[in-house]
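**Q** Residue strings, one per chain:
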Amino acid sequence: MGLRWYHFAAWGAFILGLMALPELVSKGTLRTIIFANYLAIFAISWDLLSGRTGYISFGHPFLIGIGAYTSAILTKRFGFDVELAIPIAVVVTMLGGLVVLLPALRIKGSYFALVTLAFMELMYQLVQVIRPDLTGGTRGMSGIQTLTRGAVNGFYLSSVLMVIVAIAAWLLMRTRLGTALTAVGLNESAVEGSGLSTTKLKMVAFLASAFVAGLGGAFYVHYLGSIAPRALFDINFVFTIIVAVLIGGASTIIGPIIGAFFLTFLLEYLRPWLPGAERYFIYGGIALLLYMYQPKGIYYMLQSGWARLKGSTS
Amino acid sequence: MTAALEVTNLVKTFGGLTATNDLSFALEPGESVGLIGPNGAGKTTVFSQIMGELRQTSGSIKLFGTDIGLLSMPERIRRGVSRTYQVPRPFADLSVLENIRVGFMPNSVWGMVVGRPNVEQERDLALEVGFNEADLEKPASDLSMGDLRKLELARTLATGAKVLLLDEVFAGLTVGEITQISALIQKLRSQGITMLMVSHDLPALDPLVDRVIAIERGSMIAKGSFAEVIANEEVRASYLGVSA
Amino acid sequence: MIQILIQGLLLSGLYALIAVGFTLIFSVGRILNLAYGAYLMLGGYMYFWISQSMGMPKLFGVVMALALGVALGILKYQLIVKTLRGDHVAVEISTLILAVVLQAGVVLVFGDSSKILLPIIPGVVYIAGVPVTYNILAATLASWVILGGLYLFIKNTHTGRAMQAVSMDTKGAAISGIVPDHINMITWAISGGLGALGGVFFASYTQLAPSMWVAPLIISVAVVIVGGIGSIIGTLIVAHIVGFMEVSVVSLLSPELRGVFTMLLIILVLVMRPQGLFGREEL
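Protein chains in written order, with this note's numbering: chain A, -8 to 305; chain B, -16 to 227; chain C, 1016 to 1298.
Hints in this document: simulated from the structure, not taken from any laboratory. Don't be surprised by glycine CBs; every beta carbon is placed ideally from N, CA and C. Careful, some of the hints might be misleading.
What the hints assert, rightly or not - Covered, in the sense of this in silico footprint (three residues per stretch, anywhere, with C-beta under 8 Å from a C-beta of chain A), are these stretches of chain B:
(1) 58 to 67
(2) 84 to 92
(3) 96 to 109
(4) 177 to 188
With the hints as constraints, model all of the structure from the sequences given.
**A** Structural data, given as structure tokens:
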């Protein structure tokens, strides 16, 4: 895998920095970081599938929602222990997503994007209509068990989760699987022409993505303590996730994290001036311009900046 | 001896158009055979059917005696037949080494995750097809056409191909690059790889093949040594459109 | 029963109008315009602003909406599609961002709440005992007229045939002397106009709200997937299938299940026949 000392050093520094934060910043900032952490997890999930293989999913909240609702229903309606509910939620997310999206993977890129969008809409409607006694219908559920109390503990939990997910995904993508998935995104038929089954590869990317989405969704609902379909299955949420990945840098692991933090803090700063949906106007405008100028994202800009620095000193 | 590649009564129709018309031929292991014909004769269509990119309308395709007609393309490649394309299909953002790496990969997710890339093997193959050390880390998008063809050949060989279908491998190359690729093909020939080559560049093709098959409009119109086929009246007419 | 028939017919006409604009772009340019629904939203709001807020004649409002749609289509093409030069993934994402930005923009100007649009033509008529607002009737009739005109345009005019050519093979069309750029621009203009018009009618059928662009997009998506690309007739037929299905579900089962069956239909078609019912072989 080619792990060098500076990999360990970088991750180590990152973790240490993160853990030291509660001493340095206010509770309010900590809460913002919690959101950024969860967004980073969702962003990594999206990137594992769409960033790598180019199969753009516009319905990721669909997967996140399955994880969230499953865990919420199991703990609140059936009294499951959270330690059991969350793993079950993850498995259900993977299965549910597989059963439903597998036919969609057979078709080419653009159709896939449309279909995932349709599935998110479907989920939104189903959740309100099928067994509202379980799902809480249009209004959703509240009073769901929370795992932590207070900003600091919430921060630690979300950070630990995010770091574990990030490192695991990072390690996985450094294997030949990562190369193969990137190749699928670059030229799918050439991958078939190299003797590899792209259906299998896409399925793995999808399962990995669903795993993280389900995990993130389950933990998220146990942080919020409530869940509502309107906020969850919303195109703005899709937008937030995708833009976080793109701004940060797709097909990396660091990129989605950078993007998630950048985005969350930007939205927070805009809040006093533009509460509500208008923030997206400015933010979306910036995102659009940034994306069209440098589609590879901040991570790429940092990398090429670093390379240029190294080049000029040698 | 079992033929390396045996095509029997191959037919492919697209609606009213017959692209491949009852074509039959066999390649012995280690043979190098040229496939020539004018534009639209159906040469690439034959390749596509052998590889499984197109499903044949009827007829059989056997690789080392086994019928591969119903297998998917990756499965056929796993069994030892592979092709290059007139327009190379590299992984643009990946380096030369990484491109070759994809060719070496096992078709198993577990294998991909657990096993490490064999960089030595990748390097050796890259150098063998003619790359320099300096080229290995270059992204494929930086390569010249000649280098792209070498890369495609390398990746194809990495899959363990024993039967190679080469589609217009000389197209778009400089004279120097043609010499390089020809030398490479001779080397592969000496290693016993069976080859079927499509090319419009007849002079370049000549020294590389044991014999030649000529097709026109999906049917075989001549076969034999290079010299025989080139001199054939029907073949000349098909290329020139008039009686030569 | 008669009610289902009539309502289905009416709704299908509207859906056909909405879907055609989307299909056109996808067929001719192979581009996925996720901001297509935004044409509808903006068309509806423009009409609302001109006719209700400013009190000008309704026809003027419709015309302005149309103009806005056309202008937006052309702008989008020039600024986004051409700049991205056929990178499909980038266009998909950019149009999504654009759609969200436009939605936010509308919220900025008009506020978040949904508004009821006064009917374009007030009054109700009874057809075979079923109450039908003149509004819906007008919308559907207008849809049919527009679609008929579009069909004739595509089949019989030079430009229309050029559009067909580009949709089949851009390079081949270019070699034949057609300028794909012009054709694409015209297509985007038509698409924008159709979308905006559809939006005016759609808004009067349901409600005007900033988030109203998602539902029509999904419907158009359904029509594209189920119908396949490449024929207006196919789009028409599928729009009717979807329209009737929705009306039947609402009347016979429950109003909340309205969209669910459409989604299920999409899944079914994807599994059984990925190129759509009327699509061409390749995807």
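**Q** Could you tell me which of the numbered hints above are not met by this structure, giving the numbers in increasing order?
**A** 4
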